[in-house]
Amino acid sequence: MSETSTAVTASAPAARGYRSKKTSARKVLQAVIVYPLLLLATCLTLGPFLWLLSTALKNGDNVYAYPPQFIPNPITFQNFIDVFNIMPLWHYIGNTVYMTVMGVGLNLLLCTMTAYPLARLRFPGRNIIFFAMVSTMILPNAAGMIVNFLTIKWLGLYNSMFGVVLPSAISIFNVFLLRQAFITVPKDMEHSGRIDGAGEFRIFAQIMVPMIRPAIATVVIFDFMAFWNSMIWPMIILDDRASYPLASALSSLNSTLAYNFPYIAAGVIISVIPIITIFLIMQKQFINGMVGAVKG
Amino acid sequence: MVFSNKLLRREAAFAYMMLIPGIVLLLVFTFYPVIRGLPLAFTDYSVIDTTHWVGWKNFKRAFSDPTFGLALKHSLLYVVVVPVLQIISILMAILVNNKLRFVSFFRIAYFVPVVTSMVAAAIAWKWVYEEQGILNYFLMKLHIISEPVVFMVETKLALVGVMIVTVWKGMGYYMMIYLAGLQSIPSEMQEAARIDGANRWRVIWHITIPLLMPFVLLCSLMSVMGAIQVFDEVFVMHGQLGDPAYSTITTSVYSYKVAFADFEFGYAATIGLLVSFIIMAISILMFRYTRKGGLTYYE
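Those protein sequence lines, which keep their order, are chains V and F. UniProt numbering applies: residue 1 is where the first sequence begins, and numbers increase by one. UniProt numbering applies: residue 1 is where the second sequence begins, and numbers increase by one.
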């Protein structure tokens, strides 16, 4: 590890001249071993998607060519155009956006509202409520899907996007994350608001929520990912295939359209573009958020 | 005093008001399923017909149902992904913990499978596994196999194929957790060991890994639970019957089929309950075992 070796060098300034030569040689050697490993792992993690992308850019004759064509020749975007004609892709994208926006919005509202009192307010039963929530985290959700389906049906929300989103409109995980963030806000912020005569709700909405922006960003990212990628629950709740989100549509098309794989490949590529774009833009928050969520 | 009491009461009233919507939803969709799942498992609830209390019948059926037996076997077998996944993730984390040029590019590249949907991942891999796919091509080029293998259809390979997808999709996630773990280890400890003459591998083996243990436990527990409940990858690649010939069916997939294709909700709830018990037993055992191991938690 480079950190260790440089640190050792720094701590022994007398021997610096001698050691730095040794260190740089070691660094070169290390790079020669480490970079190929890093590149190999990159091929493994990105490979399947690149192979899919290559397939999506091929014309029909080259898709099943053997040996496989890694870089399509000629490159065609026809599959991406055709896939919009073959399936109501815009419709699916619209459904996915609708579901994601509703899911993320509801989570933000409900999770901050639930986390805030648990973190900052005094009321009887606070600990009981909190521990009841903690206890559900160890429960496996194997049976949850069946009962939730029956509940959604009973509520008359079957075949509606609201029924898809409602069971995950609040997540205990998010509540924890936000509660942790609310706890760290200094008391003075709240006091100054009180002195200025702000009501409880205004303190919550205009002082406390803006203070925990990083935690909120984390929740938005996580939920965006979860809702954008959700497949099975929408398939259960939505009877009508036209109202499927992308992931569910792709899953069902995968079995019905198997004869024309390049279309599915194009559809999959289209479905991952938004989430990868958001990831690339927000990767710092993404990674920090995830790491923070696990450690905190 | 009276004044502050009044203030407190107002604070409590506001707190309850804020909590109500969230708690109602949690009660309905998180707590209620746990409570309702239990009696449901003792009925023949099917939406279509009238419901009867059938006692232990569903449980007896489960124990003599060969498909459930297969599904359970596959779900338990699936736990072999856990050590593989954790070891690869730790190695990757050690690799990207180096201070090297472009290291953040690699971190991002390894995280891409995590953010994409399992559907997309499963379809991409299905294509890799094709008879004319790149896996066969490389394996033949390397002379590991002499003729193409149809990974998706070969009963002995199909489940392994799905396991590879699970590992591939999960390794970036655990890598990040381990990376956070590695970075939380104070570097003085490693420096001290190196000054004492320990080589790189000894430092990793005797200092880094033990200090990483709490993370390993957390990640292992998470991935054991995930492995037993594996659903999406099997469902997308092999359908609700776990093709070919049930060779990839797992308990979650089977309970989906029983509930949403056969409409036997009572029996599906029984399966769910049995799986819940297994998962809880395993997690309790894991906690027990790790505590017995006398591991000191690093904080």
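Some hints could be false.
[Stated by the list, open to error] Once the Cα atoms are required to be at most 27 Å apart in a straight line, the calculated BS3-like pairs of lysine-lysine come out as: (1) F/K141 / F/K156; (2) F/K141 / V/K187; (3) F/K141 / V/K284; (4) F/K73 / F/K60; (5) F/K73 / F/K141; (6) V/K27 / F/K57; (7) F/K99 / F/K73.
Everything labelled a hint here was simulated from the structure, so no lab data went into it.
Pair hint V/K27 and F/K57, alpha-carbon separation not exceeding 27 Å: 67 Å, violated
task: Take the C-alpha atoms of F/K141 and V/K284, compute the straight-line distance between them, and say whether it is at most 27 Å.
output: 39 Å, violated
field: Agreement of F/K73 and F/K60 with the hint, judged by alpha carbon distance not exceeding 27 Å
entry: It holds: about 17 Å lies between the C-alpha atoms, which stays within 27 Å.
task: Take the C-alpha atoms of F/K141 and F/K156, compute the straight-line distance between them, and say whether it is at most 27 Å.
output: 23 Å, holds
message: Against the 27 Å threshold, does the CA-CA distance of F/K141 and V/K187 hold or violate the hint?
response: This hinted pair is violated, its Cα atoms lying about 66 Å apart.
message: Check the hint pairing F/K99 with F/K73 against an upper bound of 27 Å on the C-alpha distance.
response: Given pair F/K99, F/K73 is violated - Cα atoms ~44 Å apart, limit 27 Å.
message: Next pair to validate is F/K73 with F/K141; report whether the Cα-Cα distance is within 27 Å.
response: 35 Å, violated
Hint check: violations occur at hints 2, 3, 5, 6 and 7; the rest are consistent with the structure.
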